[in-house]
Each structure stands twice: as structure tokens, then as C-alpha cells.
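Mind assembling these two chains? They're in different frames, but the hints should get you there.
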Amino acid sequence: MTPVVRAAGARQLFTVGVALAAGLVILTAGLGLAGYPPGRSLAALWQGGFGSWYALTSATLLRSVPLITIGLGIALAFRAGALNIGADGQFYAGAIAATAVGLQVGQWPPILAIGVVWTAAAIAGALWVGVAVLLRLRFGVLEVISTLLLNFIALAFVSLMVTGPLQEARHTYPQSDLIAEAARLPVLPGSRLHLGFLASIALALGLWILFSRTTWGFRLLATGASPRAAAIAGGIDTEATIAAALLGSAAIAGFAGGLEVTGVSYALFQNLSPGYGFTGIAVALLARLHPLGVVATGFLFAALEAGAGAMQRDAGVPSVAVYVVEAVVIVVVLLSDAYARRARAAQVMEDPA
Amino acid sequence: MSPVPEVAGGFAGAAVRVATPLLLAATGELIAERAGVINLSIEGAMLCGALGAAIAGVSGGPWLGLFCAMLAGMVLAALFAAVAVGAGADQIISGTAFTLLATGLTGAVYRRVFGSAGSGLSLRTFGAVEMPLLKTIPILGPGLFSQPVVTYLAMLAVPTAWWALYRTRAGLALRATGESTEAAMAAGLPVRTIRTIAVVIGGGMAGLAGGSLVLAQVGTFAEQMTAGRGFIAIAIVVLGGWQPFRVALAALLFGAASALQFVFQSLGLAVPYQLFLMLPYVLTLLALGGMVGRVRAPAGLGK
Chain V
1 MTPVVRAAGA RQLFTVGVAL AAGLVILTAG LGLAGYPPGR SLAALWQGGF
51 GSWYALTSAT LLRSVPLITI GLGIALAFRA GALNIGADGQ FYAGAIAATA
101 VGLQVGQWPP ILAIGVVWTA AAIAGALWVG VAVLLRLRFG VLEVISTLLL
151 NFIALAFVSL MVTGPLQEAR HTYPQSDLIA EAARLPVLPG SRLHLGFLAS
201 IALALGLWIL FSRTTWGFRL LATGASPRAA AIAGGIDTEA TIAAALLGSA
251 AIAGFAGGLE VTGVSYALFQ NLSPGYGFTG IAVALLARLH PLGVVATGFL
301 FAALEAGAGA MQRDAGVPSV AVYVVEAVVI VVVLLSDAYA RRARAAQVME
351 DPA
Chain S
1001 MSPVPEVAGG FAGAAVRVAT PLLLAATGEL IAERAGVINL SIEGAMLCGA
1051 LGAAIAGVSG GPWLGLFCAM LAGMVLAALF AAVAVGAGAD QIISGTAFTL
1101 LATGLTGAVY RRVFGSAGSG LSLRTFGAVE MPLLKTIPIL GPGLFSQPVV
1151 TYLAMLAVPT AWWALYRTRA GLALRATGES TEAAMAAGLP VRTIRTIAVV
1201 IGGGMAGLAG GSLVLAQVGT FAEQMTAGRG FIAIAIVVLG GWQPFRVALA
1251 ALLFGAASAL QFVFQSLGLA VPYQLFLMLP YVLTLLALGG MVGRVRAPAG
1301 LGK
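The listed protein sequences derive, respectively, from chains V and S.
All the letters of the first sequence, read from the start, carry residue numbers 1 to 353 under our numbering.
All the letters of the second sequence, read from the start, carry residue numbers 1001 to 1303 under our numbering.
So that you can see chain S by itself, here it is in the shape it has in the complex (with noise of 0.2 Å):
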């Protein structure tokens, strides 16, 4: 059998693996953003929903885990919410405080729970579920489609945001806010507890996503292990031009771009690894310089 069908394997299901808490995360921050709150606690939230999955996973099991990394995630973006949506406070303020309170707090229950040292910390993870057929398709199958279910969660939130974006009178109610607040109050709609709602289920997502991290990639939880993807999710929500589709597009892309180090390391090119570490981020700037006037913000983002 030739390498190129293992290669090219093995960088799609890297690519979906890097992808995925990233659609999840940004799939949530695309619901707040598009109701008018910008939350960059969501970096908080993934943390918190990294904990709680850990302490939770540990004893109950990878389901348990999953469910209390979303409601750690809900937890910390309704405190947000009721500082930045309730008492109206500046978002990106609010944002960086709650993602410093997500930071410490994190930081502390952890090494509070499992010691200082913090090693030896195994969790059961999720195992790969082989999707029947599709996984047959050949080259990309086995890569796409032998996932742990959380991928498959994350692929099925994006046509559901989008059917409830779009398809719902709540979506539109929701879409309605992060247009135009006056326009909306003006139609009797109920800002305040849309903008909450909003966030409150981003929050969960990017928890679900944190989650991911932990119960089907590591295994183990590490101090700050988000590592700043919380924030590439937000980026990535201005690189899909805040539509689901487009998000997921960019959150795939992102994650192929991650993905390469694994092909070129195969390759056995002698590159140093740092400028693959690089390369998603060059990449997401330049396609950001490539999109200008094709996107627009929801008009009442951040007011």
C-alpha cells in the first residue's frame, strides 16, 4: 500500500481533531456575537469546562464529564453576562476580567483536587465511534469519519445553529438584538434576557469544547491547557463572516492549516516545527486581509 492515502488519512482526521473544539467554541461565540455580545471569556468558559470535565470525568465517566465541562462553561459566561449584558458593563473589559477569573480559579480547584504536581491524572476518554459506510469513502474516511462523538456533536451544532439562526422566530429575535438594540426594544423583543440566553449557550458550547480537549484528546487537564483557543474561536467567527457555515468552513480550515506539520513531519522534511506552529495563524491573517467588504459585523456588536 502506498503512504499517500495513510498521509493524507492522517492529516484529515488531524485536521478534524484540532477543528473540533475550535467549531464547537466558535459555533457558541457565533450565537453571542450575532445577539450583540462580544465574549472573549470564552477563552474562561473552555478552561472551566476543561476542569470540570476532569473532576467530573474522573469518577462518573467520560458522559458525566462532558455534561459538567457545558454546564462549567454556562456557569462562568452567565456570570458574564449578568456584569456585561445585565449591568451593561463594557464587554471587552468584562471579557478579559472573566477569562482572568477562569484562569486563577481554574488554576487553583485543580492543583486544590489533584495536588501540585498534578501528575498521573489519567481520564478515560472517549474512543473513536466508526461511522458505517461513510467511513469507507476512500483517503478521507478513515480519517473523518472514525472520530470520538464529541466530533460528530460538533458537526451536528452547526446546521442546528443555523436552522435556529434562521429558521425560528427566536433566531430571528436573537439576530433581530445583535442588529439593532433600539430597533429591538422598540419591538417589544426583551434584550436583555435574549443577550443573556445567547451567551449562556455560547458559554456552554465553548465548555463543551474545553471538554473535548480533555475527554477526547489529552486524557489529562494542565493549567491554562487552552492555550489561547478560546480567543482563535473568536477569531475565526470574523473569518466565517459570523455565518455557521462559513464558521465551520474557516474552524476546518484553521485545523488543516494546524494539520500540515503532521504531513511535512511525514515527509521527513527537515523544517523547523516552530514555522508549522506558525503557519495557521499566518494563514488566518491573510485570509482575513482576503475577505475585506465581503463581510459584515452584526451592527450592534459590542454596544
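Okay, chain V solo, but in the shape it has when bound (with noise of 0.2 Å):
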């Protein structure tokens, strides 16, 4: 890295850092104002994110996975300037896919009844945006809108599936039957966190070669910052890499959706996903996109939801609250990057050479 982005980084890091403590102290008033204890609200938080290493291992890091990955694909899309805010969808459509296959391959040797399984997934996730590629390229339709159109149709899906061709054999409750043992992801002993891990990580690593190594990195990057200079003066498809960063992003998403199954929850049900879409965006765009960053940041959240689990258990506060810390930090990293920004456009107009 040259030392011009290892200061940005550190810089980043830096705000981020302030930002968090912001949070803190905000949810520390209001837990105070509420009547609830905040130094044992706070102690558990903590407890809950990173006091021993079960909480590590099988509650951040286990909730890090769905975060992180989401997150690289969210940053894929919106580096193009394509607005996927349907990764919810992608994930349920990934889930659907690694559910169904995943059913099928008791017989197969787990490297490939894995293989096949992630394969699915990210197939089905890249076919779910398919329709608002289609939409967008054909009719012109934005895929803010269109993605988001189809997340509430994936949700239906997966009801109509849970009840319906995916429904457990005894007909009991809405959900699958577990998914064959091959197809389950190894875990760290002694914890639940699984392969998928290493999985997001590897992943991140790839884009960040991808992102800054390759032509396509570059051409994402100057779709994203203007479509028609892109296409003017650097002679880029723009619509076709905003296609492709779409369907790779809803591919990701949808590989999420089958890590989740393999690794977590073996089975499809209905809200396997509390929302991983919408906290994803957070995730990627407070690491200004930056896939080693987003593995930070999806870190961060991941440890603040699972301590919020905890302080709802052992201080009563509801979990829910957590996301008020996620909100103050995104909004501190905004204004700071507004004041940032305008402090040098005041000092291009003093000193215009």
C-alpha cells in the first residue's frame, strides 16, 4: 500500500473510532435516562461481544460472517454506482437454492456436496437481480427501485416454499428438513463458528486484488464516479459493468444465503435474514467500500449485535437499541466526511493554485 492510502486508512480508522464512542455515549445517556443500570448494560455488552472466548468465536465472529460477505457485495455494486439494496432478496434466494440442493446430496463427498451447495447459492442469488438487470437494460427500470420491489417477492417465495415444496416431512412447522450432513460446513471445536469464515475472508481478499489490481476494478470504479465520463472518454460499456457488478453482487449475497444455510441453520425458514441487507449497506458503505474495510466494519457491527444480545439478557435492555449505536456511528463518519470535504473546498477557493 502506498503510505498516501495508508493514511487515508488511518485516518478512516481513526473517525470511525470517535464515531463508535459517540454511539456509546449516546446509548449510555438514553440507558441511563430510560432507568436502565448502564454500567452493567455496558459490561455486558462487552461481555457478550468479547468476554471469553465462546462470545468471540460463536457469537461475533459466527454473526460477522452473514455481515461481512453481504457487506462485499453490497460494495461491488454500489463501486459501479449500481444501488443493490435487494441483497436480503439475493440472500433468500441463495438460501432457497442451498436448502433445495442441499437436501439432495447425502451420498456425495462433503468437499463436493459443499461445492455444489455454494455453487447454487450464488447462481440463484445472481438470477434473482437477473430480473432488475433485465428490467434495467430492457425498460430502463432503476434498480433501487426494482431490487427493492424484489425483496418483498423473495420473502413471499420463501413462505410459499416453507409451507409448500421445501416443508419439512412431518408438515409440522414452516421450515425445510435439515439439510444432508455432507453439506455441512466443519466448525471450530469447542464453538460454533464455521468454515464460512474463512470463506468471507478469502472472499474479501479477491476483491480487494480485484478492486485494485485489475482493469475491471478500475472500470467499476469510473462507471461509479461518472457513467458518462466512463463512457466518453474511457470508451467503457457503462450498462454492461453495471450488469456484471449487479450480478456479481447478488451472486455474493446469494452465497451468503447458502453459508448461512451450511453453516448456521442446515434448514430454510422464514426471517433467517433480521435484516442482514439493510445493516449490510451500513456495513460497506462505512468502509467507503473498501473490501479489507468492510471486514473491519462488518466485524464492529457483528461484535455490537452480539453484545446486544447479551445486554438484553443480563441487564434487561432491549437488543434492538444496539442499532441506535450502529445509526450514531454512521452519522458521525458522514458528518466528518461533509465537514472534511468542505474544509477543502474552502481552501481551494483561498488558495486556488
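One or more hints might be untrue.
Stated by the list, open to error - To be clear about the criterion: a stretch of chain S counts as covered by chain V if any three or more of its residues have a C-beta under 8 Å from a C-beta of chain V, and this derived list gives those stretches: (1) 1028-1034; (2) 1081-1090; (3) 1227-1236; (4) 1273-1284.
Stated by the list, open to error - Negatives, chain S to chain V, calculated, CB over 10 Å: (5) 1010; (6) 1103; (7) 1189; (8) 1223; (9) 1288.
The set of hints was computed from the structure by calculation and includes no laboratory data.
Beta carbons: idealized from backbone N, C-alpha and C, even for Gly.
And the structure:
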């Protein structure tokens, strides 16, 4: 990394640190006002995220897998300026495919079974966004609207699957049977952390190389920065770049659904995603769409959400309160960016040379 | 009496019921977007409105509840405006953040105020007000004109928004701001003030929309009860081509598509209900595909 990039990274890290502190201060004040014991709540928040080896691996790192993976997918699309806000729908498409295939691969060697299930999940995610890509290319429908609408269709589709073709053999609950043992990921001994964590880190490294070392990564950025300039000056087929970015982004989100089914739930049910697609947007944006940054912010949000669970158990604080911390972190970083931009603009005005 | 008028009347009533909160929220979002601000936090403003309505409605009755719903929506929108307009931060990211904030805040406050189980919260709601004469229109009359007062407010909001946008100086200034920030600034318009006001009005209407869910439909609050209706309202603004009456039509179409399930249920067809849940979204996608080139977004939207 060049010194400039490293300095920018350090500055961003500092900003996020300040933002996190601000979020925790506001949380503490809110807890105090609402009459919860702030000290015990914050201790529980820390304990739940980092307090023990089990908390770190089986709560925080486990939770970070879908957030990091979906965040990476969103970063890919957003780099090209394609606003894929339908990651939840693509996640569910992947989860449906992973379950459907995972139920059938009992006789296969695990490596093959897992490989096929993951591939199916990624393809399903891409096919799901294919509708939005088609609508954009053929009819000019903006993907920000179409991917959003596809989320609601996917939710109804999951409900249809778990009460219909994929419902468990007993036909009691709206959920699928467990997938074959061969398709379940190995876990770190003594924890629930599964192999998918390494897969998400590998994906981050792969995307980092793709973004920073290949012409395709440059094409993405150029298209995202200014489609007109990219098309006219760069000779880039921007619509094709956006389509490819959307398909890749959705394949990653579908893969995240496959990871969740093969690593955590082993089955399909409704509400498998507690809004990962939405949190994933925050994760990606906070990391400035940088793949390694996504790993860091995904880890941070996962720790907060893992800690929130403990806060609810130990101090009775509603776990959803942690969304307030996440929101404050995003807003503080936004304000710091806006301030820096203005300071730069003012400097240019004073010193045009 | 044959069941056909009953089914048709029930269908029309259900369509209007589903459309009411969407109509309020979409009209509010339309005002913000015509001023150049895309506000994704109206989903959060709806949630705040719903909780405000529940808290104030418990002791103060539905009218106070509705008023507080509007206030709650305006407060969230004002916070969003301070960041997205005042500080000039990215609108999409700010909107995401404030919806996240509202989700956390309403959930936590609700559990604190009403207890973690949250069962048994039952509010007095607006009863149906029958419009004399209009309700005697055959078939559709009873469905359309025997509705809670909030629905008539939503119906009134549409011509009011049209008049304000197209027939007043303030509306002209607002639309100019949405078309080109630079030109509006050059003309001496207070761009940030105009945008902030538009966003806050939109937030108030989203708050009313959330309040209408609580006070005119379910009579209770549930976490994340808006279930994406704020986002649907944004899609409806696009579907309506950023024009008040077309936006109203789009909201009604969405309501009608959602209400179809009641018709099919009463006909006793053995079709999985999930297909009807999908229908409004599928139809909206198709309708968006069919509108290409016929509508244009405000040129300064999101900038």
C-alpha cells in the first residue's frame, strides 16, 4: 500500500473510533434516562461481544460472516454506482437454492456437496437480480427500485417454499428439513464458528485484488464516479459494467445465504435474515466500499449485535437499542466526511493554485 | 342479494384501506423529492409516527395520537434534514442511517413503555365516517365512502399537494430547487431552507401514515410494523412519475392489487396466499417497466 492510502486508512479508522465512542456515549445516556443500569449494560455489551473465547467465536465472528459477505457484495455494486438494495432478497434466493440442493446431496463426499450447494446459492442470487438487470437494460427501470421490490417478492417466495415444496416431511412447522450432513460446514472445535468465516475473508482478499489490481476494478470505479466520462473518455461500456457488478454483487449475497444454511441454520425458514441486506449497506458504506474495510466494519457491527443479545439477557435492555449505536456511528462518519469536504473546498477557494 | 356487489364493495374498501398510509407517505415523499431530496428515512418516520400514535393515543385518544404521530415523523425528518441537507451528506446513506435509528429507538422505547411482552395494548381507533349521498353509490360507495377520517385526510392531501406545488410561489420555488440547485441559488432562493421544510413536511405526512396504521387499522403497535411500507411509498412516487394525482393513482393500484387476495379468498379458490402477497410487487415492477421514457425524475434529485 502506498503511504497516502495508508494515511487515508488510518484517518478513517480514527473517525470510526470517534464515531463509535459517540454512539456508546449516546447509548449510555439513553440507558440512564430510561432507568437501566448503564454500567452493567455496557459490561454486558462488552462481555457478549468479546468477554470469552466462546462469545468472540460463536457470537461475534459467527454473526460477522453474513454481514461481511453481504457487505462485500454491496461494495461491489456500489463501486459501479449500482444501488443494489435487494441483498436480502438475493440472500433468500441463495438460501432457498442451498436448501433445495443440500437436501439431495447426502451420498456425496462433503467437499463436492458443499461446493455444489455454494455454487447453487450464488447462481440463485445472480438469477434473482437478473430480473432487475433485465428491467434496467430493456426498460430503463432503476435497480434501486426494482431490487427493493424484489425483496418483498423473495420474502413471500420463502414463505411459499417452507409451506409448500420445501416444507419438512412432518408438515408441522413452516420450515424445511435439515440439509444432508455432507453439506454442513465443519466448525471450529468448541465453538459454533464455521468454515464459512474463512470463505468470507478469502472473498474479501479476492475482491481487494480485483478492485485494486485489475482493469475491471478500475472500470467499476470509473463507471461509478461518472458514467458519462467513463463512456466517452474511457470507452467503457458502462451498462455492461453495471450489469456485471449487479450480477456479481447478487451472487455474493446469494452465497451469503448459502453460507448461513450450510454453516448455521442447516434449514430454511422465514426470517432467516434479520435485515442483513440493510445492515450490509451500512457495513459497506462505513468501510468506504473497501473490501478489507468491510471485514473490519462487519466485525464491529457483529460485535455490537452479539453484545446487544447479552445486554438484553443480563441487564434487560432491549437488544434493538444497538441499532441506535450503529446509526450514530454512520451519522458521525457522514458528518466528518461532509466537514472534511467543505474544509477542502474552502482551501481551494483561498488558494486556487 | 347476490354476493357480487358485496365482494366488489369489500374489494374497494380493502384497496382504499391498504392505499391510505401509502398515499400519505408517498405524497409526503413526493414533496421532498420535488425539492430534490430523496428521503429513505420515511420508513423510519412512519415507525416513529406509529409509536407516537400508540403512546399518545393510549391516554389522549385517536386525535391526539394522530397529532403526535405527525410530530414524531417531523422530528425524525428534521434530524435527517440536518444531516442530509444542512451538512450536505449523502442522502441515501443518511436515509439508511435514520431508518436504522428509528427502528432501534421505537423498538427500545416501545418495550420500555409497554413492557417486553407488549401484549394487550389495545387503542381506541377512528371509527368509519360515512359520507352522506356518496356512500349510496352502488357497489363502490360503501367501500370508498365509509372509511376512517384519516382516509379522507389522505384523499384531501393529494389535491392540496397539487395546488401547493403548481399554483403557489412557494411551490414554484420548491420545484425550481429540485430541478437545479445552482439555478435556484443563482435566483436567490434559500435552497437549504426550502429543502429542509419540504423534508419536514414529508416526514410529518409519513408520521401520519404510521399513525393511520395504528389508529385506523390495527389498534396496536408492533415492532417494525411498517414492514417496508415507507420504501413502497418511494417506489410509488417513481411509479406516479412525480405527479401528485398519478402518485395517488399508483397508490390506489397498489392497494387494489393487495386487496385482490380478499376477493380470491371470498371466491374460495385454492391458490396459495403467498402468490397474492407477491402480486402488488410484481405488478409494480411490470408497471415500472411499461413507463419508460414517459416520466422524468426531478433533475436535481439526490444532488
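Here is how each hint holds up against the structure:
no. : hint      : verdict
1   : 1028-1034 : violated (count 0)
2   : 1081-1090 : holds (count 5)
3   : 1227-1236 : holds (count 5)
4   : 1273-1284 : holds (count 7)
5   : 1010      : 22 Å, holds
6   : 1103      : 5 Å, violated
7   : 1189      : 21 Å, holds
8   : 1223      : 7 Å, violated
9   : 1288      : 5 Å, violated
Violation of the numbered hints given earlier is confined to hints 1, 6, 8, 9; the remaining hints are satisfied by the structure.
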